[in-house]
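Undergrad: The listed protein sequences derive, respectively, from chains A and B.
Heads up: the first sequence begins at 224 in my numbering, then just goes up one per residue.
Heads up: the second sequence begins at 20 in my numbering, then just goes up one per residue.
These are calculated hints, taken from the structure and not from any lab test.
Yeah, the Cβ is synthetic: ideal placement off N, Cα and C, and Gly gets one too.
Misleading hints may appear alongside valid ones.
[What the hints assert, rightly or not] Computed cross-link-like contacts, DSS-like style, restricted to lysine-lysine with a CA-CA straight-line distance of at most 30 Å:
| # | chain 1 | residue 1 | chain 2 | residue 2 |
| --- | --- | --- | --- | --- |
| 1 | A | Lys465 | A | Lys448 |
| 2 | B | Lys188 | B | Lys206 |
| 3 | B | Lys188 | B | Lys256 |
| 4 | A | Lys392 | A | Lys226 |
| 5 | B | Lys206 | B | Lys256 |
| 6 | B | Lys134 | A | Lys306 |
| 7 | A | Lys226 | A | Lys465 |
| 8 | A | Lys306 | B | Lys256 |
| 9 | B | Lys206 | A | Lys226 |
[Said to hold, decoys possible] Here chain A is said to cover these stretches of chain B; the calculated rule only asks that three of the stretch's residues, wherever they fall, bring their Cβ under 8 Å from a Cβ of chain A:
| # | segment |
| --- | --- |
| 10 | 123-130 |
| 11 | 290-300 |
[Said to hold, decoys possible] Listed next, with one range per pair, are the computed distances between beta-carbon atoms:
| # | chain 1 | residue 1 | chain 2 | residue 2 | range |
| --- | --- | --- | --- | --- | --- |
| 12 | A | Gly281 | B | Ser306 | 50 to 60 Å |
| 13 | A | Glu266 | B | Leu93 | 53 to 63 Å |
| 14 | A | Thr252 | B | Leu82 | 21 to 31 Å |
| 15 | B | Phe282 | A | His280 | 48 to 58 Å |
| 16 | A | Ile265 | B | Asn179 | 57 to 67 Å |
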Amino acid sequence: MIKLEPRGERSSTMAYLSPVLAALLTMFTGLILFTLLGVDPIEALITILYVPVSDTHGIAELCVKTAPILLCAIGLSVVFKAKIWNIGAEGQLLMGGLFGSYIALQLTETEGFWVLPVVLIAGVLGGMFWSGIAALLKVRFNTNEILTTIMMNYIALNILLWAVHGPLKDPEGFNFPESALFGDSALLPILIEDTRVHFGMALALLAVVAVWVLMSRSFYGFQIKVMGMDAGAARLSGFKEKRLVYFALLLSGGLAGLAGVGEVTGPIGQLIPQISPGYGYAAIIVAFLGRLHPVGILLASLLMALLYMGGEMAQISLGLPLALTGLFQGMLLFYLLACDVLITFRIRLKPRKVPPSSPLPSLASETQG
Amino acid sequence: MDIDLITNILYAMIRTGTPLLIVALGELVCEKSGVLNLGQEGMMLMGAVVGFIVTLLSGSLLLGFILAMVAGVLMSLIFGLITMELSANQVATGLALTIFGTGLSAFVGSEFVGKPIEGLDPVFIPVLTDLPIIGRMLFGQDLVVYLSFILFGAVYWFINYSRPGLILKAVGENPHAANAIGLPVFKTRYLAIIFGGAMAGLAGGYLSLAYTPLWAENMTAGRGWIALALVVFASWKAERVLLGAWLFGLASILHLVFQGLGFSVSPNLLAMLPYLATVVVLVILSSNQTRSRLVAPMSLGNPFHARG
């Protein structure tokens, strides 16, 4: 019989090991799945995990895909630490892209070093505006932020669709739902020549460092962590709860907005309906998988970006559905939650029974002694 | 506005509200037992895709609906196992269920996108269908809509007047007290989770077999989430779930109303109305903190550990 037994205290080894275990279990399930589908499992695994990054071009593309996921996830790590469930990174990302695009389209003919920063700031403000609404509703009206942020994802998507079909549509674009191309001054500069790696990756890494400093070295970060662990204790210590809710949500919304504007001014170069293949949702998994820690999140973002590329590669060379990525994302999160039980419990193969004969030998030894 | 338009709007309102009603009734029972399952969207999608594929391959709508419910139940059992046996966080597990269901349904259904099937036909009840205005609305629908009326009655009676319903509520209010007087907390919660799964599967099946008889990725379009908000809107009361589901049905077909009145508004802006309505309703209902704390099941979302 397998039995779960409380450890009594959290095992920090298991806390680090559990994401690795979850990734391995997902891979193992993938092997079984490929075999059942009649695909050579080893070939499939190589196609998904190695082929996309087997050359410099691939590694560059990995960075391009990592940047938005990383930005969203690092922001989510702050709100999740505060036990605020912001599921709205996707909508905040879309709003960032939309706001940034609006400004960029006003400035297509304008030259100057200041154009790009203005566009980026507009994107950040777009994301903050969207998460700020959720914060206002939570603080002022006590609404459940899970439901409001989810609903606002759908609203943001519809506003984006309305914009590209209506006011922001390129008048010379043959009626395609796309904006005009942005001017050169509104585009993120390329970091590494001959690749698509743009300045957004540097911004993402900068954000990781900044959030790490905030959470581990600042009083604000400390207050957020305390509020997440025990809201009552935070209140008794005189921490301003409402201000912290605003701060955490605005920060994560702003970073998601930056991710969105980084996509439209980086690899895309115009506003289109498909800014994101669900980066905002993937970032939730990344935040959990990375244990809400900056280094963990960086690693998990790279894995998630690889999963996106691997899914595309599997579609091209093995004819598997593109939805493979989403399936693996879901499995990964499930296995993680299941493995996390090992942080607080240990597995015993046999229930420990008190042997019925135990008093007798001790008695015997006493009489002998 | 003429009588015909009103009749059609009322008819479409009920039809659109039906999947919301079914999934929200399932979630209501689930939450009454103290379990918050945020995976409705994922379970609905699995119900939709499985029901569609089964009907396409077998030609039987009945079999499609049954297996859609089975798919929903299997999904809910994953949730049950992880939250009950492994005491994982219900919020995170529910989210995972939705992400997993979205991915799995898209994966399974990728070869079936856009294929046509014969959808469920309406069944007209003689004489009553011809009643002015409400005839089509209440008596000119398909069988699943009639089933949703029965389901509502059953859930209403179960929660308010039956002994097992009392046990359900006791477990949801205070599982430790319920356990102390010998009520089966785990069994009750499992059954509630399974019922929620079956209803989500049925609602998903309704979308892909009757409402729009085809399969498309993510075709539930947030209905599972709206249903979760509906339960809050309803203050955990079955009769208000019914009212709310039909009102949201109306919000989702407002474009018909606008067309009828001769307004031209962007379809994308109208498409966001149900979601906007959800936010507005949540704001109105949650603003009184004391009240929202009193109407929700006390132990909602809290795991129960006292087994063995």
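Undergrad: Mind taking a look at whether chain A covers the segment 123-130 of chain B? Criterion is 3 or more residues with CB to CB distance under 8 Å.
TA: holds (count 5)
Undergrad: Within a Cα-Cα threshold of 30 Å, do Lys206(B) and Lys256(B) meet the stated pairing?
TA: Status holds; Cα separation ~23 Å.
Undergrad: Between Glu266(A) and Leu93(B), does the C-beta distance stay in 53 to 63 Å?
TA: violated, 30 Å
Undergrad: Is the straight-line distance between the alpha-carbon of Lys188(B) and that of Lys206(B) 30 Å or less?
TA: holds, 13 Å
Undergrad: Within a Cα-Cα threshold of 30 Å, do Lys206(B) and Lys226(A) meet the stated pairing?
TA: holds, 19 Å
Undergrad: If I claimed the Cβ atoms of Phe282(B) and His280(A) lie 48 to 58 Å apart, would that claim hold in this structure?
TA: holds, 51 Å
Undergrad: For the segment 290-300 of chain B, does the count of residues with a C-beta closer than 8 Å to a C-beta of chain A reach 3?
TA: It holds, with 6 qualifying residues against the three required.
Undergrad: Falls inside 21 to 31 Å, the C-beta gap from Thr252(A) to Leu82(B)?
TA: holds, 28 Å
Undergrad: Given the proposed pairing of Lys392(A) with Lys226(A), does the C-alpha separation stay at or below 30 Å?
TA: Violated. Lys392(A) to Lys226(A) sits at ~61 Å, over the 30 Å cutoff.
Undergrad: With the threshold set at 30 Å, check whether the alpha-carbon distance from Lys188(B) to Lys256(B) stays at or below it.
TA: holds, 12 Å
Undergrad: If I claimed the Cβ atoms of Gly281(A) and Ser306(B) lie 50 to 60 Å apart, would that claim hold in this structure?
TA: Cβ of Gly281(A) to Cβ of Ser306(B): about 52 Å, so the range 50 to 60 Å holds.
Undergrad: Holds or violated: Lys306(A) with Lys256(B), Cα cutoff 30 Å?
TA: holds, 28 Å
Going through the hint list in order, the structure does not satisfy hints 4, 6, 7 and 13.
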